[in-house]
Every structure is written in structure tokens, then in C-alpha cells.
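Chemist: Read off the chains here:
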Amino acid sequence: MATTKLLGKRIKRKEDPRLIQGRGHFVDDIKLDGMLHMAFARSPYGHARIISIQTEAARNAHGVLSVLTGDDLKGKLGPVPCAAGMEGLKVPAHPCLAGERVRYVGEPVAAVVATNRYLAADAAAQVVVEYDMLPAVTGMDKALESGSPRVHESFGDNVAFVARLEGGDWKTVAADPAIKVIKQRLINQRVGPMAMETRGVVASYSPGEDTLTVWSSTQIPHLLKTQLSLMTQIDEPRCRVIAPEVGGAFGSKLNVYGEEGVACLASKLLGRPVKWIEGRRENLAGTIHGRDQIDDVEVYFQPDGKVVGLKCRVLADMGAYFQLLTPAIPTSTALMILGCYDIKNVSVETIGVFTNKIATDAYRGAGRPEATYIIERAMNMVAQELNLDPVDVRLKNFPAPGKDITLATGVSYDTANYQKTLKKVLKLSGYSKLRKEQQRLRKKGRLLGIGLSTYVEICAMGPSSRMPAGGWESGTVRVEVTGKVTVLTGVSPHGQGEQTSFAQIVAQELDIPFDDVTVFHGDTAQVPMGIGTFGSRATAVGGSAVYVAAQRVKKKMARIAAHKLGVKPGELVFEEGNIQTKDGSKSVTFKKVAEEAYMARELPPGMEPGLSELYVFEPPNFTYPFGAHVAVTEIDPKTGEVRLRNYFAVDDCGRILNPMLVDGQVHGGIAQGAGQALVEEIIYDENGQLITGTLMDYAVPKAHQFPWFETAHTETRTPVNPLGVKGVGEAGTIGSTPAIVNAVVDALGPLGVRHIDMPLKPEKIWDLIKHGAAPGGHAS
Amino acid sequence: MKIRINLNGNWREDEVEPRMLLVHYLREVAGLTGTHIGCETSLCGACTVLLNGEAAKSCTLFAVQADGAEVTTIEGLGSDGNLHPLQQGFWEEHGLQCGFCTPGMVLASHQLLGRNPHPTREEIRHALEGNLCRCTGYQHIVKAIEWAVEHPGK
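Chains as they are written, first to last, in this note's numbering: chain S, 1 to 780; chain F, 781 to 934.
Same shape as in the complex, but just chain S (with noise of 0.2 Å):
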């Protein structure tokens, strides 16, 4: 196929057709000789005590290998790791198998290892524990108050930190009778991740050896593998971790689990191969959720829509132990509170706070969808009052087009347009037609809602001065001899499409054929370094690392074939296989120059043999992609049900390298941001008790819930990276929820309706419809 100009085309995906066929390798679909397979007894209280764990008729039980509980962990397996820090942050101790206590429905009390899992599953319910029930604590109001039950003696009180972050002057803003002020709680409720592939460990220790390989349905491979390592205590270089096909992962993979460590004590211990996989329920209680926060805003605004200051205190659910980065998602909430506007004054106060549920973490947006909720609902809220168009709104709260700006939060954007983006979404959903039908349906009773959005959002991470665990992404180009390429990156995919991009990437900037080049990630023994996949940064850092190491092969190569064709190398062009003279006349193919790198009988004199680089980007900042959507929600009287009618989206992430993978993550990101707008939401009873525990109670959107999404860009190329490429994993959701719950409350704003609470399930409009909005003119 032609090479030239491989970036910006709708290429097919290389990893496609063993998927197609059934034939990917996902963690589940490993098999090892003399695999064992394990299964957990879990906490059924949210809040106990411990008396006794009687593991003999596990033990006893047929098939069954070894039974673990916490105790058999003690100097043999480390806790489970939190990277996250802050000044004054309470860190709970995090055994990988309860301690004394439970603390959360799910959390992890033994272990059994059997020949199959259904002997395993077998054994696992005849682990017999003596629980004594302890009061539980799962709203945030409640944990704050004294005399609640403490989820961790110890720290005295249910706070994990209290952040504040200040920018300007909100008391005198607050104190000027001229300004005008909404004081609302918002609530971002719990929301569970819920890949489609359930988390999954195959954990293979070789005994003669002391090494350690474990296949892991992961992003992260490196960095699993290192604290791996730690826990087990088995030296780094002897540890390998590998992702595998991953199915899905939305952050909630982004992870270092108990269970992980317990698989790779348990083969330790057996010296055999352990296999561990995720039921749905399992997953619904044991594996991170998103969001939980409880933000009550404060917005001030002139009378003409000039939002000059906002105050917001953010309750963030932590749930009841950390993992890897659970108190640093909501400091994301703090930094990008302002979202699109120039707003003076600001003051966020952060409380993190411990509950009985599981911890809360990563989750696609992890803190920034959070901000772009509360600062999108105030803008609405603020045009609402005012009775002013919330496009209106939005014009008069940015800020002049083109120009780097610094925001009271301390955040800088860099050159931003989002009148343009605006102008776009406006133009795409021929906004002011709608606004009419708007009008003609509701004289006949009918409550069609129409929602905007304009978000701004933080992503590429990142620095690594500002990261827990360094932000950098390496990438390897090797020429083989045959003249193929092999390209090793650090980010670790699962469902992105790298194989794919970054592949075009290298065969474009070496001007090969795009089926020379093989892509490979997720072994930590291949790949020689790297951070992962997650905050929309594979294809910003880990593409722009590929990128530049490709530029640096290519220069090698040049030099190579200058020196056998007697030309410098600046007059050389690759040319569709060929490296040459610009007029052709002097040429030696790729191939060749390959060949000649590892025969090393005619390089120039001084160079080392060998076609490899590795070039590790350190990102120099983060980047800020933008956006506009507007959703068209239509309401039935009868039931309340919230149809999403329409959905336009135009997103700016900079330069887009493969148009077809970023519809597609944009269309995946705006349907699990209406998800959360419309029908999901996990609950906890007072006692702790997960209702949501299966998919019967958690609703996960359906294909003929969404309409047709329509989606444009702008591309407006980010100067942090080599590539111009700002991320798009997280953009659909970050401005899909607030559009949707903007136009739900539009529909409704006749009634005198000023917010509903998420998600927007059709027995509370139709309450709302049936009985009227609350004074103050907001339901939850």
C-alpha cells in the first residue's frame, strides 16, 4: 500500500483480526502446566470484627492445595501499595487478606488454591469465619459527624486529608452586595468501571529458578511488576509481568490488588502456577469505583452572567483503605474547578473521607470529569437565574481566543480557542433551530431539553515532577537485519489501537510499508521500560516517544547510506523504501542499509553496529484538550423516562493520527458519561450492604439506549509533544455528563427546576413532574 501519509487516515486496526476470531490471548485464556486455579472467601459485612477463621474443612476439602488467611501473609507478602501522597494524609494499613477487621463488602479474607475452580469456588464456601458486627458508616455527612463509627480506630476521625486550594479573593467577592450568588450541592455519585474482561492473574513462580512471571489483565505492567517485586520480596530482575490482552479497563486497572499478591505468594509457595479470576460480583464489590464525591458549590456572578468567584467543598469518598492513587483523584477536582472561564476568585476545600465501601480510584476522567460537572452545572444554573441562553453564558466567561492564560487555580492552558469549538458544536446541532422546536413542543405539553457542555481538561500525563510514579513513556525502533521493524513502547493498551497507530507513526516517518512494522507492548521482558496506559497519554507521550526514536534510526540510517552512496547524509530522502538523493540518481533500499547496520563491513568509521533506539520523552507539561457537545434529551410525562435524542460532540485533541480510533474513543467516552448521567449509580445501604452487586441492580447502558452520535473536530496542535497529539481517551466523558444532565434539567426548567441529581432515572423526573420541584427549586 502506498506509505506516504499514513497519519491522518482511517487505517484498520492490526489487532483486529485475531480478535474477530476469537483468537486473543486474554488472562483467562492462559494455561500453564500444573495451573492451580484460586478463589476468595470475602467479607460479607461492611463493617466487623474478626473472631476466628476455621480453614480446616477448606483445607480438607477435595482438590484443595492450600487454604491462606492473613496471618499466613505476615513477612511473606507486603500490603497492598498506595502511591498517592499528601501533607498530613491518615494512610490505613492495607494487608492484601484482612487483618482484624473488615471494612468493606468484598474485601478479601482467604484464600484457597485447588486443581479447578469450581473445587476452589467449592472450598472457598467452606472457609467458615466468625464475624462480629460492627456499626458501618457509608454517607460522607455522617462519616464527618462526631460520634459516627470510626472506620479506622486509629485516625480518630473518618478524614483522610483536608486540601485547600486558593486563588484570588473569594471573601470580598461573597461580601459585595452587587454580586449575586447560587449555593447548590451537587452530587457525583458512584459509579463502578465495569470493563467487560473482569480483573484476572495467572501467577507463575519457578522454584530452581526464583523467578517470578505473572500475566495480569493490567495497565500497568512496569509498575506492577516493581511492586510486585516489593511484596514478595523476589528481586525485580527476576520478575516479569505481562499484559496480556486486556478487555477493557477504564482506569480501574491502573492498579496493584490484593489478589495479585496473594496469586504470587500462593505460587511461591507451591511452586506452581496459580490462576485467579474476577466473577462479576467480585468485580461489583472488589474492584475500585469511580467518582463519589459530594460538592456543595457557591457561584458568584454579576448580574449581567460575569461569574467572577467559586467556592466549592468537595467531599471525596475514599472508601475504606487506599489503593494505588485513591486521594489524589479528587486534587484533579481543585485544579480544573474553573474549567473554560477566567474566573478571579476561587476556594475549594478537599475533604477526603473514609466510608465502609471499597476504595474509590482511577476512573476515565479520575477528578477531572468531577470539576467539569460542578463548573458546567454552575454555568447553567447562573443562566438559568438569569434567564440567559447558557451559550450566552459561556461567551461571556471565556477567555480571548489564542492566548496561554493562567487560571486562579494555578493551572495553565495553553493556546486555547473555545469560542471556536463553541462555535462548531452550535453550527453541528443547528442549536438555534432546536431552541425553536424546543419552543413549539412545549406549547404542546411536550419537554424536549437541550444541554450544553464547553470543557477544558488536563491530560497526556505527564510531568513526572508531578507524577507519583514518574510520567515519562519510552519507545524503541530496532530495524531488524531483515529490514522489518520491531517497535517495544511502554504504554499498554487495551482497546486503544496502538498496534496500529504507532506503527503508522514509524512507517510513515521511515516511508516503509505499513505492514513491516509490528508493534509490541505489555511484557516487561520485551519492553525494557515504561509507565502505562491511562490520563490519555499513550499515543501523547508514548507516541511521541516512538516518534522521535524513529527520527533518530532514520538519522543513523541516513548516515549509513550516505556513507556507502559517498553523499552527506542532508541530501537523502526516504522515499517509499528507498533512501536516495532527492533526484533519485544515487539509491540503496531500506533493506540494504539494514543489512549493512548489523554486517558492519562498511559503516562509517567509529559508528557502533546495530539499528536499535530507545528515546525516553519526559512530557514538559500536560495538555488541555477542549470541547463543546450538546445533548437533546426528550422527557416522557407518563413515566419519566429520559430519551437521549440527539448528541453532538466537537473535541479538540490536537492532531489526530488515526480519525476512526478517535471517533471511536469518543463515542465510547460519551456513553459511559451518559451512563452515569442517565442509569448507573452503585449503592450502599447504612450497614454497608452492596445493593448494586450484579448486573441485575447495576444498569449498564444498552446499545438502543444512545442515538446517533454526531462528532467533528478541531485540531489544534498541542506544542508539549513532537506530534501535536493531546489525548482523547477521557474527553467524550468529561463533557458528556454535564451536557446531559444540562439538558435534562432544561426539559423540566418550566417546572420551576433548577437540578436533579445524577443518575436521571425515570422514577425521579416522573416524581419531580408528578409533585413539583422543591422550594429552592433543586431535587436530588
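Bear in mind the hints are in silico, worked out from the structure with no lab data behind them.
Possibly wrong hints are sitting among the right ones.
[Said to hold, decoys possible] Within a straight-line C-alpha distance of at most 30 Å, the following computed DSS-like cross-link-like pairs (lysine-lysine) qualify:
(1) S:Lys31 x F:Lys782
(2) F:Lys782 x S:Lys433
(3) F:Lys782 x S:Lys9
(4) S:Lys427 x F:Lys923
(5) F:Lys923 x S:Lys702
(6) S:Lys9 x S:Lys433
[As the list claims (entries may be wrong)] Beyond 12 Å from chain S on every Cβ pair, some chain F residues (computed):
(7) Asn786
(8) Gly789
(9) Trp791
(10) Gly848
(11) Gln891
[What the hints assert, rightly or not] Non-contacting residues of chain S with respect to chain F, defined by C-beta distances greater than 12 Å in every case (computed):
(12) Ala93
(13) Pro95
(14) Glu166
(15) Arg185
(16) Gly271
(17) Arg281
(18) Gly483
(19) Asp515
(20) Val548
(21) Glu576
(22) Ala600
(23) Glu641
(24) Gln705
Don't be surprised by glycine CBs; every beta carbon is placed ideally from N, CA and C.
Guided by the hints, dock chain F onto chain S, whose structure is given.
Modeler: The following block gives chain F in isolation, referenced to the frame of chain S:
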């Protein structure tokens, strides 16, 4: 218990526990790991196979219930050089990202097109009610199926 199953066109005989789920039989006894498990409550559809030509959720059947039946898994639908139009469509239209839901999606789509060769977009979406996807937002899956409709191939 001894069971005989016609799996992707070939009869085979195996000894299984009565309680073994069909999906585990396919994955672990027959060694065909293309059929995936995504839940325990028959909701997600990742385990969808064809049982005597009709889409069935193999996590909700015991292997013994398939005794004497024809079972088609994703592996039996098409392979390199001879992909089923639906498989080709998913490739052409980026109808998959992580690929975990894909085998089930393809087989559910197969049933749809068998019953309704020219479905509307609405009909396609409703036919996928039994299959969850968390990556794609479903739009490219709809396009993939439309591609197969437009390119029925051999």
C-alpha cells in the same frame, strides 16, 4: 456424564460433570477460548454462541444440555482468509476496541441478520439488547453490522 456435541461442524465426545457450564466446556474442555465470560447473571452476552443455529448464552446452560446439539462458536464462523462478512465488517468499521465483547456481539448479530437481513439502525440496536459493550458506545458496532448487510459476500 458423557456428552456428544457437534462443535463447529465436528462431533466430539467428552466426559463432563453435570454442573459444568457450557461456556467452561467450550473454553476448557474443547480449548476454544474465543467465547468469553463477562458476568454471572446472563446479562452481558459475551458468552453468546449458536445452539442449533440460535443465539444462546453459554454461561446459562450446562454442557449436558447441549448433548446432541450443534454448537457454533466464533472460531467456527470464519478464519484468516475466509472471514465471515460480520467479522470483516467489525474490522472495516472499527467495531471493536478491547475485543472482549466481540465474539458474543458477532454471534448475536449473526442471529439478527439471519432473521432480518435488512435491519434498520433501530432494529440493530434492539437486537443487541443482550450484549453489552463498554468500549465502543455501540455506534461502530452498528456500522459494522451495516457493512455486513451491504457486503454479504459469498
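Chemist: Going through the earlier hints one by one, which of them does the structure break, listed in rising order?
Modeler: 2, 3, 6, 17 and 24
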